[in-house]
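Participant: Chain by chain, the residues run as shown.
2 protein chains.
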Amino acid sequence: MVEWLASFGKTNTNGVTRQLYSKEWTLAQEALKSRMESVGLNAYYDDVGNLFGRLTGTHTHSACILTGSHIDTVIDGGKYDGAYGVIAGLIALEYLYKHYGLPRKTIEVVSLCEEEGSRFPMTYWGSGSITGIKSYEDVCKLRDLDGISFVDAMNNAGFGQGKYLHPKRENIDCFLELHIEQGEILEREQRQIGIVSHIVGQRRYTITIIGESNHAGTTPMVWRKDALHTASELIQTLMQRTTETSLDLVSTVGQIEVEPNLSNVIPKKVTFSMDIRHSNEHVLNTFCNEIFREFEQIVGKHGTQLTIHNWMNELPVKMDEALNKIAGSILEKEKVPFKKMSSGAGHDSQVFGRICPTLLLFVPSHKGISHSPYEHTKTEDLVKGIELLIKILFELAY
Amino acid sequence: MVEWLASFGKTNTNGVTRQLYSKEWTLAQEALKSRMESVGLNAYYDDVGNLFGRLTGTHTHSACILTGSHIDTVIDGGKYDGAYGVIAGLIALEYLYKHYGLPRKTIEVVSLCEEEGSRFPMTYWGSGSITGIKSYEDVCKLRDLDGISFVDAMNNAGFGQGKYLHPKRENIDCFLELHIEQGEILEREQRQIGIVSHIVGQRRYTITIIGESNHAGTTPMVWRKDALHTASELIQTLMQRTTETSLDLVSTVGQIEVEPNLSNVIPKKVTFSMDIRHSNEHVLNTFCNEIFREFEQIVGKHGTQLTIHNWMNELPVKMDEALNKIAGSILEKEKVPFKKMSSGAGHDSQVFGRICPTLLLFVPSHKGISHSPYEHTKTEDLVKGIELLIKILFELAY
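Taken in sequence, the protein lines are chains A and B.
Here my numbering is used: the first residue of the first sequence is 1, the next is one more, and so on.
Here my numbering is used: the first residue of the second sequence is 1, the next is one more, and so on.
Simulated from the structure, these hints should not be mistaken for laboratory data.
Where is the CB? At the ideal position from N, CA and C, for every residue including glycine.
Any given hint might turn out to be false.
Said to hold, decoys possible - Using C-beta positions, here's what the derived DEER-type ranges look like:
no. : chain 1 : residue 1 : chain 2 : residue 2 : range
1   : B       : Gly-147   : A       : Lys-378   : 17 to 23 Å
2   : B       : Glu-257   : A       : Gln-161   : 33 to 39 Å
3   : A       : Ala-31    : B       : Gly-147   : 35 to 41 Å
4   : B       : Gln-161   : A       : Asn-12    : 53 to 59 Å
5   : A       : Thr-286   : B       : Gly-117   : 50 to 56 Å
Unchecked claim - Derived EDC-like pairs (lysine to aspartate or glutamate); straight-line CA-CA distance at most 16 Å:
no. : chain 1 : residue 1 : chain 2 : residue 2
6   : B       : Lys-269   : A       : Glu-257
7   : A       : Lys-378   : A       : Glu-3
8   : A       : Lys-168   : A       : Glu-187
9   : A       : Lys-339   : A       : Glu-189
10  : B       : Lys-367   : A       : Glu-212
11  : B       : Lys-163   : B       : Asp-47
12  : B       : Lys-335   : B       : Asp-320
13  : B       : Lys-168   : B       : Glu-257
14  : A       : Lys-269   : B       : Glu-257
15  : B       : Lys-268   : B       : Glu-257
16  : A       : Lys-367   : A       : Glu-187
17  : A       : Lys-367   : B       : Asp-46
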């Protein structure tokens, strides 16, 4: 079924490109809708294109248990990221309905319209619309790289015109998401399931160092104000402090630009990115304060100037302890090797986690590869994840 | 006279652009030729466009003392780099002839056609042709950024067709060059003249680090093979060892490229330039060997891979001790503050220095600025340089 869904937007490299409101996306949602209906679910869209498959409860009609993930992909992405959570929910509901009939509590599987932000400069449109964190005002000025406006793309796909239900919902009891890890912790430690305690907070910065350009041959070392030498010491210090501080803290400098970037001229300006993540806001805060204090000392020593620009500050989101306990007990009973862990990547669960109890479960990713046609999870791990989801849903809804 | 010469190729920013074989270059050489003739020198070109002004000796006709520098500039360069040495030679010969008549030994001033390599990818064409280190084969395939071939440019300027003397000369007794420092050592130390003992050797390398791209959020620090983290430690180590090793050693990392250069992806590849200079080949050798041994250890620790590509290896060139002694005694007698120093930048003297006794003298550069319209040397320093040149030429030739 993973292969079936991956056929919508399949690329030459055996990857998947299925961007929000594209033809491939529309066909995939329509195919999922037919599939939902064929197994007895009540399938419907909301007005932004989130697709739901409903199994109405016999005792409670309105409040519902929601499970699923996102249908969109990055360009030439993998078959599992997002798609696995949607398929898992569909299979789980089909299995439960077939074997146990209607639940006491309503369960819905959702194929969220968008999470990746790979077409428009905006992420979590699906979960953001359901939770009310995002609205039409957030997207009305966006355009994709071809200049197509978000609104036109949405309208062309048949959404955003009030034909369907308004996306915002108040009746979600809890959200359960099954996702590939996109890291290699589970594979390396040979655990079959990851139970996520937190989705980490992220801080992103742009660091600028201003020094002085000078001749590489005629300027003695002691007189230099070398922006790249300064930057190297900052990066080196950041990495060292990160490793010393906490096993769960990660810092990345992925991007760097140098001016004038000539081999025989001392760099006068260096700009680099800084991405810092941890599951505890207090740890993040303390670490950033300390590292920036140290940065100031280093640039002082070099005689260069430092500017720190913070352009993203996402707080850590805690997943629900009670739901984690249910998942943990099932796995313990079955002697399935699992790990309580935090998620270093963002997921729809971090949006739902702000408004309702949320459970995020991981299955292993081979070598941690993701957003790539080489993304892979073993079938037995995929199956184990779905079995776990079925058991949790049974416990919660029947 | 500096201003007069700078009027040929003057730019909007009050700089000078006078590239090899350009219209501005041709006009400047022609104007210099007229000036040479007007003060009684026998002016002539060689076949690559070097311009000579000759004061024939009464005792020796063939072997000659040569003084001068280059006429070409970088794009939007300064008024002094090169030009000062040509003007100084012309004024010196004019003065000597006017006050003392013909010398015993022949003296020639030369306006070398090219040194900067700013039009074609090739430096020291003027001095290289005279010394026989460069020949037509070295330039016949070169083109400038507009696609004009070196040979066409040379022919259009009237050279390279055998109309003039073949450039290679065997009769040069010694070469004397007066040049701006292009650094700020003399100004900072308040010395009026620099006597150059060596022109430093230069080694240039391209260093490549291969690591592994990975997700910035889901990859713990200990599992990373971060090419930029590795590069930072290498650069940091290089700078530290350079400062520790010798006051005269300089190392510059001016250029860096990162792949994929995205803020949330761990860099898989970093390429950076390394420019290392010192006046002693043994020091350069030992330093490079040691630093590369240390580089190997660092990349080993990071689990990344290192490639070192050496693409330039210019040996240090020693200037003539006897000539330096003559200059030193004159300055000592006159109590002019001077400094024995090495030259971190390359000059025509390093080409002549391989085939004949060579003297390179510096005057201060304000703030060390060079290759810029802001290049500046105080008039009193310019005059002091010319006075010194006159005295040395008098001692050698009269």
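Participant: For every hint, state whether the structure bears it out.
Facilitator: Right, here's what the structure says about each hint:
no., hint, verdict
1, B:Gly-147 <-> A:Lys-378: 17 to 23 Å, "57 Å, violated"
2, B:Glu-257 <-> A:Gln-161: 33 to 39 Å, "47 Å, violated"
3, A:Ala-31 <-> B:Gly-147: 35 to 41 Å, "56 Å, violated"
4, B:Gln-161 <-> A:Asn-12: 53 to 59 Å, "57 Å, holds"
5, A:Thr-286 <-> B:Gly-117: 50 to 56 Å, "53 Å, holds"
6, B:Lys-269 <-> A:Glu-257, "14 Å, holds"
7, A:Lys-378 <-> A:Glu-3, "13 Å, holds"
8, A:Lys-168 <-> A:Glu-187, "37 Å, violated"
9, A:Lys-339 <-> A:Glu-189, "9 Å, holds"
10, B:Lys-367 <-> A:Glu-212, "12 Å, holds"
11, B:Lys-163 <-> B:Asp-47, "7 Å, holds"
12, B:Lys-335 <-> B:Asp-320, "22 Å, violated"
13, B:Lys-168 <-> B:Glu-257, "42 Å, violated"
14, A:Lys-269 <-> B:Glu-257, "14 Å, holds"
15, B:Lys-268 <-> B:Glu-257, "11 Å, holds"
16, A:Lys-367 <-> A:Glu-187, "7 Å, holds"
17, A:Lys-367 <-> B:Asp-46, "67 Å, violated"
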